[in-house]
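Colleague: Between the sequences and the hints, there should be enough to build the whole structure, so can you do that?
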Amino acid sequence: MDISLDTSGNGVVVSLVGRLDSITSPAAQSELETLLENHKGPVTLDCAGLEYLSSAGLRVLLLLAKNKRNVLTVAGLRDNVRDVINIAGFSLIFKVK
Amino acid sequence: MNRHDNNAGSMGIPSDDGWDFSMLLPNVVEALPELAEAVEMFGQQSGWTDAIVMQVNLVLEELVVNAITNGYPDGREGHIDVRIKTTAEAVHIRITDDGNAFDPFTVAAPDLSLAVEDRPIGGLGIYLVRSYMDYCGYQYVQQRNQVSLTKRLPLSV
Numbered sequence: 001m002d003i004s005l006d007t008s009g010n011g012v013v014v015s016l017v018g019r020l021d022s023i024t025s026p027a028a029q030s031e032l033e034t035l036l037e038n039h040k041g042p043v044t045l046d047c048a049g050l051e052y053l054s055s056a057g058l059r060v061l062l063l064l065a066k067n068k069r070n071v072l073t074v075a076g077l078r079d080n081v082r083d084v085i086n087i088a089g090f091s092l093i094f095k096v097k
Numbered sequence: 001m002n003r004h005d006n007n008a009g010s011m012g013i014p015s016d017d018g019w020d021f022s023m024l025l026p027n028v029v030e031a032l033p034e035l036a037e038a039v040e041m042f043g044q045q046s047g048w049t050d051a052i053v054m055q056v057n058l059v060l061e062e063l064v065v066n067a068i069t070n071g072y073p074d075g076r077e078g079h080i081d082v083r084i085k086t087t088a089e090a091v092h093i094r095i096t097d098d099g100n101a102f103d104p105f106t107v108a109a110p111d112l113s114l115a116v117e118d119r120p121i122g123g124l125g126i127y128l129v130r131s132y133m134d135y136c137g138y139q140y141v142q143q144r145n146q147v148s149l150t151k152r153l154p155l156s157v
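Residue numbers (this note's numbering), protein chains in the order written: chain A, 1 to 97; chain B, 1 to 157.
Simulated from the structure, these hints should not be mistaken for laboratory data.
Since this is a predicted model, take the numbers as computed values, not measurements.
No incorrect hints appear here.
Here are some, though not all, of the chain B residues that point toward chain A, as calculated from beta-carbon distances under 8 Å:
#, residue
1, Pro-33
2, Ala-51
3, Val-116
4, Gly-125
Just so you have them, the derived chain B footprint on chain A, three or more residues with Cβ under 8 Å:
#, stretch
5, 55 to 65
6, 84 to 92
Glycine is no exception: its CB is placed at the ideal position from the N, C-alpha and C atoms.
Modeller: In structure tokens:
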């Protein structure tokens, strides 16, 4: 899982590339916390490169949404990943573009 | 169930049981990438769509992780046996482990209508399994947990 941060525009864009599964999620969780520690504003997760999402990854997204409340946007979802997000009802807890 | 003994890809080891794919995993999550890779290759050889490959791998991940976290609280070594049989109509999956008896399908379904601050962390894995599979069954047989799943395949035109 590659995570990168772009603060050049309005708000923060975090790009997730790779898999968010039981193996990669614990490290991704702590990396996201560290990266976003000093950014209190709205966050957009660019998921165009997110290939796979399981419940371990949903947990990471939910924790992020809990911290950021309603200022989290998820963008660029691939069909398979969007499907998992929809089944989990996460389109109700953050903005899905 | 119909028997299809000889349509295995090179990754699957057909057993006398008629399974097309078989893999024995140690009870550690680090075994998952190898399983995912083998299932992806097997699924492609079997003509599954990308969506089916993803769904089968997700379901296997959820149930194997579930078996590992619930079955071996004393930290003992164990094994999880994953088998798949695929026909034109359906994918059949059987996961067997030597962990403590635990029926994953007794886990309560999550309340998806809750606000973000009230949503509990976790509880979604088994819900995803139920959503993606058409049949989910559990038995405790010969001191082993046995989960049986069926995913009906969309009819190809």
